[in-house]
Structures are given as structure tokens and as C-alpha cells.
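Just need the whole structure built from these sequences, with the hints factored in.
Taken in order, these protein sequences are the chains called A and B.
Numbering-wise (our numbering), the first sequence opens with residue 1 and increments by one.
Numbering-wise (our numbering), the second sequence opens with residue 1 and increments by one.
In short, the hints are calculated from the structure, not lab data.
Everything numeric in this text was worked out from a predicted model, so none of it was measured.
Have a look at the derived ranges for each label pair, beta carbon to beta carbon:
1) 13/B with 287/A: 36 to 44 Å
2) 16/B with 108/A: 30 to 38 Å
3) 42/B with 252/A: 45 to 53 Å
4) 151/A with 316/B: 40 to 48 Å
5) 425/B with 219/A: 51 to 59 Å
6) 327/B with 333/A: 52 to 60 Å
Mimicking DSS-like on lysine-lysine, the simulated pairs with C-alpha atoms at most 27 Å apart in a straight line are:
7) 119/B with 330/A
8) 332/A with 118/B
9) 119/B with 332/A
10) 330/A with 112/A
11) 207/B with 52/B
12) 118/B with 187/A
13) 333/A with 119/B
14) 191/A with 112/A
15) 52/B with 112/A
16) 187/A with 330/A
17) 255/A with 328/A
18) 42/A with 52/B
19) 105/A with 118/B
20) 119/B with 42/A
21) 294/B with 305/B
22) 118/B with 328/A
23) 328/A with 119/B
24) 118/B with 330/A
25) 118/B with 42/A
26) 255/A with 191/A
27) 198/A with 328/A
28) 38/B with 118/B
29) 332/A with 52/B
30) 207/B with 105/A
31) 207/B with 342/B
32) 215/B with 105/A
33) 354/B with 206/B
34) 52/B with 333/A
35) 187/A with 119/B
C-beta: ideal position from N, C-alpha, C; glycine also.
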Amino acid sequence: MALQNVWFLLWGLLWAIYFLTDGFDLGLGTLLPFIARTEEEKSVVHNAIGPLWNGNEVWLITAGGVTFAAFPRVYAVMFSSLYSALMLILFALIVRGVSFEFRGKVESPGWKRIWDTTMFLGSLLPAILFGAAFANIFRGIPIDQQGIYHGNLLTLLNPYGLLGGVLFLLLFLVHGALWLAVRTEGKIHEKAGAAARKLWPVLLVVAVIFLIATKFATNLYANYLAHPVLFAIILLTVLALLGTRVFIAKCGDWKAWFSSAVTIVGATFFGIAGLFPNMFPSSLNPAYSLTAHNASSSPLTLKIMLIVVLLFIPIVLIYQIWAYNLFKGKLKKEDLAYEEA
Amino acid sequence: MNVLFLSRLQFAAATMFHFLFVPLTLGLSIFVAVMETKYARTGDEVYLKMTKFWGKLFLINFAVGIVTGITLEFQFGTNWSRYSAFVGDVFGSLLAIEASAAFFLESTLIGVWIFGWKKLSRRAHATVMWFIAGASNLSAVWILIANSWMQHPVGYVIRNGRAELADFARVVLQEWAVLEFSHVFSAALILSSFFVMGISAYHLLKKQHVDFFTKSFRIALAFGVLFSVFEVVEGHIHGSDLAEKQPAKLAAMESHWETSTYAPKYLFALPDEQKERNSIEILPIPGLLSLLAKHSPSAEVEGLKAFPRDERPPVFISYASFNTMVALGFYFAVMTIIGWFKRNRLVESPRYLKFMLYSIPLPYLAVELGWILAEVGRQPWIVYGIMKTSDAVSPIATSQVFVSFLAFIVVYGLLGAVGYSLIIMNARRGPATV
Numbered sequence: 001m002a003l004q005n006v007w008f009l010l011w012g013l014l015w016a017i018y019f020l021t022d023g024f025d026l027g028l029g030t031l032l033p034f035i036a037r038t039e040e041e042k043s044v045v046h047n048a049i050g051p052l053w054n055g056n057e058v059w060l061i062t063a064g065g066v067t068f069a070a071f072p073r074v075y076a077v078m079f080s081s082l083y084s085a086l087m088l089i090l091f092a093l094i095v096r097g098v099s100f101e102f103r104g105k106v107e108s109p110g111w112k113r114i115w116d117t118t119m120f121l122g123s124l125l126p127a128i129l130f131g132a133a134f135a136n137i138f139r140g141i142p143i144d145q146q147g148i149y150h151g152n153l154l155t156l157l158n159p160y161g162l163l164g165g166v167l168f169l170l171l172f173l174v175h176g177a178l179w180l181a182v183r184t185e186g187k188i189h190e191k192a193g194a195a196a197r198k199l200w201p202v203l204l205v206v207a208v209i210f211l212i213a214t215k216f217a218t219n220l221y222a223n224y225l226a227h228p229v230l231f232a233i234i235l236l237t238v239l240a241l242l243g244t245r246v247f248i249a250k251c252g253d254w255k256a257w258f259s260s261a262v263t264i265v266g267a268t269f270f271g272i273a274g275l276f277p278n279m280f281p282s283s284l285n286p287a288y289s290l291t292a293h294n295a296s297s298s299p300l301t302l303k304i305m306l307i308v309v310l311l312f313i314p315i316v317l318i319y320q321i322w323a324y325n326l327f328k329g330k331l332k333k334e335d336l337a338y339e340e341a
Numbered sequence: 001m002n003v004l005f006l007s008r009l010q011f012a013a014a015t016m017f018h019f020l021f022v023p024l025t026l027g028l029s030i031f032v033a034v035m036e037t038k039y040a041r042t043g044d045e046v047y048l049k050m051t052k053f054w055g056k057l058f059l060i061n062f063a064v065g066i067v068t069g070i071t072l073e074f075q076f077g078t079n080w081s082r083y084s085a086f087v088g089d090v091f092g093s094l095l096a097i098e099a100s101a102a103f104f105l106e107s108t109l110i111g112v113w114i115f116g117w118k119k120l121s122r123r124a125h126a127t128v129m130w131f132i133a134g135a136s137n138l139s140a141v142w143i144l145i146a147n148s149w150m151q152h153p154v155g156y157v158i159r160n161g162r163a164e165l166a167d168f169a170r171v172v173l174q175e176w177a178v179l180e181f182s183h184v185f186s187a188a189l190i191l192s193s194f195f196v197m198g199i200s201a202y203h204l205l206k207k208q209h210v211d212f213f214t215k216s217f218r219i220a221l222a223f224g225v226l227f228s229v230f231e232v233v234e235g236h237i238h239g240s241d242l243a244e245k246q247p248a249k250l251a252a253m254e255s256h257w258e259t260s261t262y263a264p265k266y267l268f269a270l271p272d273e274q275k276e277r278n279s280i281e282i283l284p285i286p287g288l289l290s291l292l293a294k295h296s297p298s299a300e301v302e303g304l305k306a307f308p309r310d311e312r313p314p315v316f317i318s319y320a321s322f323n324t325m326v327a328l329g330f331y332f333a334v335m336t337i338i339g340w341f342k343r344n345r346l347v348e349s350p351r352y353l354k355f356m357l358y359s360i361p362l363p364y365l366a367v368e369l370g371w372i373l374a375e376v377g378r379q380p381w382i383v384y385g386i387m388k389t390s391d392a393v394s395p396i397a398t399s400q401v402f403v404s405f406l407a408f409i410v411v412y413g414l415l416g417a418v419g420y421s422l423i424i425m426n427a428r429r430g431p432a433t434v
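Shown next, in the form of C-alpha cells:
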């Protein structure tokens, strides 16, 4: 039981880190057509995320892999139930991934426009779909006793699901704009700051609506009422969201970005704490829900995987922080000529 | 057209497409690391040019390989959910270890390598490439351990209606996994060396950048000759191990119907699955199959008829893919040995260079045939002997899979066309004149 609870926590943590890291490059990819007009500006945006997006995306692979290893039934039912949504995410990530590499390989405006479009769509779709998928999980999914899904892609596009999609998109947009501010100076830096300032109030409103809607659409608050200490998560998240705005005003780029990162982690844990011990609740009958306790791997596998994760995740964090540290500085003109590499 | 059939088609298409890019990543990363190390040690600009030229081709190939890899992890859950639920305890952990111990490193460092030319010292930058090469190959180790478990499941117990892990070390260290990794790793180096030698041959035939491409050719040749000779020996050991552990696959890939001693090997045979015999058999060599599979010409080799019809893999596909792969394997060894004797006078050997240029696609064909044999030859099982493929598929709507399959064909078709056009364009252009 204790082992399963630890794994549930780790499962939530991996998703949180995924949204925190890939969140800013998905957000910035979506902002690309709005924030970057000239070729130089587009090149700046690409260079701001180019060195880091690939490592960020592996948090998704790891979150998926760990679900498979520690909670095989959750993995099986979640991925087959959300088939169409996941395929859309997959194709989006595929065309987005190659656009980084392909874009600069041919010197033609038309060619570059193609890969700017795939970058935009490939960033926008996952941002919305991850939000919609998680909101639907909070709400419950129509699965029966065998884990067979009774619905289709449109089932996921209910108002609460869509609200979740919009919330994630806004979180990522602000996060992405702030990352661009961190890595730039001059005119594009001002544009990035302005975008963050304009998007922030919308995010605040949507976040408040989401918190209220959660009361009516889901059962998440039951855990909060049973353990009021959990309200600290919501409080911290809201403070981080407000802090983001304060730091934007004070032009503390890094502090604003960190605040935004804390907001995203907090928002993820808001859901995770409310779900516990559910991982994939059934909306047809609570008895059909997949939980950390009825869908986990054997104790031996959980133990071995715990050793693996506790050993490797800190190592991963160390070299990813090293990589971030390498590419944290303000981009200069001479940094943009990476293509000749 | 049902979910099972479409899911199998989709998995085959996605995996075979992904594997067009994997072997070149595994091998070329090592070659580029060798070149960059030479540059870091000597400061000789030609090695810097080599690193950048081959590095560029490596990166285009890497990009397509990495994005199509995500598909495979997703598909176990989306299309093979019953499989995932049944084997996740054993199989899922291998994928999770692959991601956390290897794939992370490779993906994080690739960004550092592309964008870090001015941020790192020469030596550190070259070291990053070694880590990329090491992590890529370590990824392959874990994925192939996972596949080996599907081929020859060990270290598990059936409990709570699923396969549960019993002995982690046995799963990771089993002989099949060692043989399968050696086989795939060697194949990757052969493919990469033929890629580099073929492109070098193109420029040497035109007598351009002669020093640059002679050096490139010779680096690749050293790996090529070593691993293509090794692969012939390793392939034989792998085959006789398979004869013991997957006798039905062996019988299918040799199109061997009747259990017999002194089992012959034919130069050519054409199986007739309806009549359970070969409709054509040319030039039998008595006892050769027994000798190859069981180390003795008098040994008994089980024929296909020893297995119930519904437990036999498709015979023609297994037979044709196996024998073509083996023929290609010998061709690679012969061509690289010839190359070894011509290595000091490559430019004066235009006929050999032309052969090498047109041989670029052949290792690609060989690796795809190898996977066809491995996976089709394992049928009807998804996990050999314990779970059938037909019991593994997700309970989902046919229309969903139909649409996603079409989307794969379109997206991957475009991706392949663009990826290879860029590779060919940059390969033809030759090294930048710095």
C-alpha cells in the first residue's frame, strides 16, 4: 500500500515536471506567429527553445513509461480510451519535432512558412489536448468493468474538458512568453513581456472559473474537505500565479518564470491530490475506477523501479540543469547562426 | 478489416519506418564521435569539416528517428492494451528504464551538441558526442531486452491473471538478449558504414574532395569490415540458439516440413502452405540444416508438420526474408573485404566505388527483413508461447484505427520523402568550404 502511494506521488510528479518543462516550449511555439514577425525574430524564438525542447519532451516519454511499468492497467485503459486524442497529440509532436531540424535546411520563405505552421499547430494541439484529457480524468471517463471505453473523441469535448484545455493553453502561453523574456533583450524582449502582461489576466479569470467549475463537475474537493491541509496546494498555486504578475511588473524575468513554473506544478498537484487514490476514475460506476491500489504492478517491480527512478531522475535533473545553465543567457546576434553547425 | 488486422499493419508500418532511421543513428553517432575526437586531439581542420558534414546528415536522420520513436511507446497502450495490461509488470519496466537511463541523456545532449559549439571547449564538445553515441546505443540495449523477452520470455510467473516479474536479472541478462543486441548493433554499424562509404564513393567517382572522402571512406571501412565479418559468425550462433528456443520459426525460415535427421538445406525452395510441402526444391545439401542448426549433420530438426497449423508462422514470408537477409549479409562481408584490399587506391577503383554507391539501400533492406523475420516468424504469438497476438489487441472501434492508420501512411510518407530529400541534397552538396 505504502509503495503504491509513493508511486502515485511519483507519477504525479513526473507529469508536473513534464508540464513545467515542455510547457514553455509548447507555449512559445504557439506564440510564434503572433510574437515574431521578421525572420530574425523567428530565428530568436527557435533558438530560445531549440537546445532544450528535446530533453523536455522526454519527461512525457518517462511519464508514459512509468505509468506502463508501475500501473500497467492504467496505462492500458488510459491509452486505449483516449485513442484519438493521443493520436492527435502524437502527430502534433511528430511534425513539431522535425520542424526544428527541417526549417533551416532550405533557404526559401515558403519552406520556412511550412515549418512555422507545423510548429504552431504542433504546439497548440498538445497544449489544449493535455488539458482536456486531464480535466476529463478529473471528471471521470465512461469506462466499464473491463476497462472498455464507451464514448468517442467528442465525449472528451464537454465544457469542463474544454475549460481544462483553455487553462493549460493559457498556463503554457504565459510560461512561454516569460521564457522568451528570460532569453532575449531589446524589442523582442519587450514584446514577450507585453504578451505575458496581456495574457495573465485572462489566465487568472480562467483559473478561477476552473476552480469553481471543479466543484460542480468533479469530485476532487472531497479529498480537500477530508484533509484541509491540502488547501495549502491551492493557496500556494494562487500565490505563485499572483507572484508571476508582480515579478512581470518588476521586470524580474527569471523570478516571473519561476513563479509561473510553480503555478504549473501547483495546478498539476491540485488535480493529483484531488484524484488520489484514483488514477483513471470511471464515470459509469466508481467501482470500475482504476486506482493506485487496484491497478499497480507487483511489489517486486515497484521496488526495482523505485530504485531505478530514485537513482536516475536526480542524475537527469543534474545534467538537465547543467544544460539549462548553458543556454540561459540572453541571445546575441552571433548565437543565431547555429545552422552552419 | 478488423481492429486486429489494422493494428498489426499500423504497428508494422510504424516500426519499420522508425527502424529506417535507428541504425544510422546508432552507427553514425559513433563515427562522428571518432571524427570529432580526431579534431579535438589534432586540431586538423579536415576532421572538423568531416564532423560537420556527417554530423549534419546525422542530425536530419536523428530528428526523424526520434519523433517516430514516441509512436512505438504510445502504440502499446493505444492498440495493444490487453498486451500492456498482461505484461506491463515485466515489459513496462524495461521501457521505463530505457527512458530514464538512456533516452533522457541522448535527447538532452543532442541540443547541447547542436547549439553548444561556442559554449564548450573542443574536447568537451567531442565528449558530448560520445555520450550521445553511448546513450543511443544504451537505448537500443533496453529496447532489445524488451523485444527479447517477447521472443523468449524468462524470469516471470503467471500470477493474478498476468505475467509478473520474478527474476529481474534473468530478464536483463538472458542469452537471447545478448545475441539480439549483438546482431542489431553489428547491423547498425554495417548500415552506417555502407552509408558513409556509398556517399564517399559518389564524390570520389567525381574526383572531388578526394582527401576528405578518402579519409571518411576509410574510417567507415574499418568498422564495416570488422562488423560484417562478425555478423556472419554471430548470425550463425543466433540462428542455432533460435533453433532450440523457437523451433517453429526455424522450420518456417528454412521451409522445412518433415521432422528428420540429416535435414538438408536447399539452395532454393518455394513453400506451398496449402499442401504442406515445397513446390520447388533446388540443389539440396544433405545434413547441412542439421549441421547449422544443431551442430551435427545427423541431428534431428523438427519440421513444420510437428506444429498444429494454427501455431505455424507464415512460411513464405519467414523463408524469403531470412534467406535474402543471409545472402545480403555475405555480400556485405565480401564487399568490405574487397574494400580492405583496395583501401589505398580507392580513386583508381571506379567499378568498386560504383558498386558501393548503389549498395547504400541494401543494408536497409537487410535490417527490415531481419525484423520481418523476427516478428512475423514469432506469430501467432505476441509473447512466445504465453500470449497470442489475437488476444492482445485493444477493445476499440475499427474506425479509429482505420483513420489513424491512414494518417500514419500520409504523415510518414511525407516525413520520409522530406527527410531523405534533405539527406540526399546535403550529401550531394559535399562538405562546406570553410
